[in-house]
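There are 2 protein chains.
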Amino acid sequence: MPSQGTKGKKRGYIVPVGGAENKKGDRPILVKFARLAGGADARLVVIPTASELDDTGDRYAEIFEDLQVEAVDVLQIEDREDAFKDEYLQILEGATGVFLTGGNQLRLSTILGGTPLAQLLRRLNADGVHIGGTSAGAAIIPEHMIAGGASGSTPRADGVILAPGLGLTNSVVIDQHFRQRDRIGRLLTAVSFNPFAIGIGLDEDTAAFIGPDNVFEVVGTGAATIIDPTHLDYSSMDSARPGEPVSLIGLKMHVLAEGGRYDINNRVAIAPKKEPVES
Amino acid sequence: MPSQGTKGKKRGYIVPVGGAENKKGDRPILVKFARLAGGADARLVVIPTASELDDTGDRYAEIFEDLQVEAVDVLQIEDREDAFKDEYLQILEGATGVFLTGGNQLRLSTILGGTPLAQLLRRLNADGVHIGGTSAGAAIIPEHMIAGGASGSTPRADGVILAPGLGLTNSVVIDQHFRQRDRIGRLLTAVSFNPFAIGIGLDEDTAAFIGPDNVFEVVGTGAATIIDPTHLDYSSMDSARPGEPVSLIGLKMHVLAEGGRYDINNRVAIAPKKEPVES
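Quick note, the sequences are listed as chains A and B, same order.
Mapping the first sequence onto the numbering used here, position 128 (from 1) lands on 128, and the numbers just tick up by one.
Mapping the second sequence onto the numbering used here, position 250 (from 1) lands on 250, and the numbers just tick up by one.
Looking at chain A on its own, in the form it has when it is part of the complex (with noise of 0.2 Å):
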C-alpha cells in the first residue's frame, strides 16, 4: 500500500521512464521533470544506487544542473547502512523531486527495501514530492516489481518474476525498454496474475507522467502500451504449467504515443491531439 501521507497534501508526480531517454537533445523528458519539481527552485535528489558505474549519478546531477534547477544532491547509497544515514535523510527531506537512475532493480530493491530512507521516499511523494525513474527507477516505483522474465509476445506461465517494489502505487505494474526488448508476454503474465493492477509498457525515452489524480501523459519518442485487464474473462494462469502459454480472454489494450493521456482510476484513453498530414 502507497504511505497515507499528511492529510490535506496531494501525492507528488510518479514519473517511470523507460530507460534511455534523451540527455544530450532537447532531453523533453528530463526538462519536463526538472520543470515539474520547481524549475529555477527545484531541489533536486538523484538516487544511483540502481547502477554499478561510478559516475551516473554525476552524469544526472550535471544534465539537472545544466537545465538551472536551484540544487542538485547525489545520494551515493552503496548498501543499506548508506539508507540508514541521517545525512542523507536530512538532504532527502528538502527535495522538491527525486530522481532513481537505471541499473539493476533488484540492487534498489535489496538495499533500499525496508530501510528509512525507502520510508521517506514513500512519505515524501504522497505529500507532494515528485519521484521519477528511469529503467530499473522505473521498475521499482510500483507495489509489484517486474524483476525479470523472458523477452518475447506470448505470456508463459512462468515467464515473469516479480518481487515487491517500493509501492508508491499499486494501481499499476510498470515494464520498461518495452519495444526494444519485447516485453509484453511478461508485462501480460504479470497482469494476468491478479488482474487489479494496470499494466504499462514503455518504450525507450519514453514517460508516463502519473499525476496526482492518476490520470498519466505519455511524453517521449517512442509509445506506451497500456494492458487493462479488468474484464478479463478466462485465465488458465492457475492451470498452466512452467514454460506453457497461458490462455487470456478479453484484455483491452491500448497504445498511445506523446501527447496520449490514460485515466487509471477510470481505465480510460485519452488519445493525443493530431496533426493533419497531407499528402
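FYI, nobody ran anything at the bench for these hints, they're computed from the structure.
Note that the list lumps identical chains together, so a pair holds whenever it fits in one copy or between two copies.
Straight line, CA to CA, 25 Å or less: simulated PhoX-like cross-link-like pairs of lysine-lysine:
id: 1; residue 1: K273; residue 2: K252
id: 2; residue 1: K10; residue 2: K32
id: 3; residue 1: K274; residue 2: K252
id: 4; residue 1: K273; residue 2: K32
Based on the hints, put chain B in the right spot on chain A.
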C-alpha cells in the same frame, strides 16, 4: 475476395501454422491436418514453392506417407510457367488437402499470384478442399499478406509491409513465428491500417484450424494471439510519420493456447477446457 465456389458446397478448412511445427515426435498439427483431409483416404498435395531448398517438398511427403494417407504429390513449382502446367493442375484437382511449406512468402506470391494454379487453389478451398500452410505458407493464406516488417512490441507507421495474398479469407491477417520473432508491433500496424480484419499471431508449432463456419481451434505447443480492432476508438495511423509509434485506443486482445477457440464472425473467444492442477 475469396472465391465464391460451387453453390451448396461448404468451404474447406484453412489451416495456418506458425512455422517450425513438430515433425519428428507425435506431430499433432500434421496428424490433425492429414486426418481432416481424409486420413487413409486423403490425397495430399505439397507445394514447396516458398522454399529454395530442394528437399522441402520431399520432407513433407515423407511425413504424410508415414501417416499412411492414400497419396501424396509434391508439385515442384519453381517459376510462373510451372503454375500454368495442365499436368500440375490435374493433380491438384484430385486433392483432398493442400499444404504450402515455409520459405519466403514473396516467392509464393510472385510465382503463384494470378496464375491458373492460384485460381484453382481458391476454388478448391471454396468447394471443400482443406488448405494448410506453415510460416510463409501461412502468411500468404489471407487476402492481405504480411510480407515483412520490423520486430518489437510497438506499432509504427512504417512497421509492416503488406502485399496481396492468396485470398482464401479476408477476415483475418496472419503473422507467424510470433513469439519467437516478437511480431506483435507489426500485427498491430497491419490491423490498424484498416480495422476490418482480425489479427492472428501464431507462435511456432501452433496452428489455427479455421473451419467453414469461421470458428478456429488452436492446436500446438504455443499460443495464438488475437487482436480484435472492432472497437478501435482512435488511431493516429493517418497522421503518424515514418518510424513514429502509432497511437491505438480500444483494441481487444486474447491469447489462446491449445484447445482455445475463436469465432471470427462473431468475434468471441472460447476458453480451452481446464485441467485442474492441485499443489
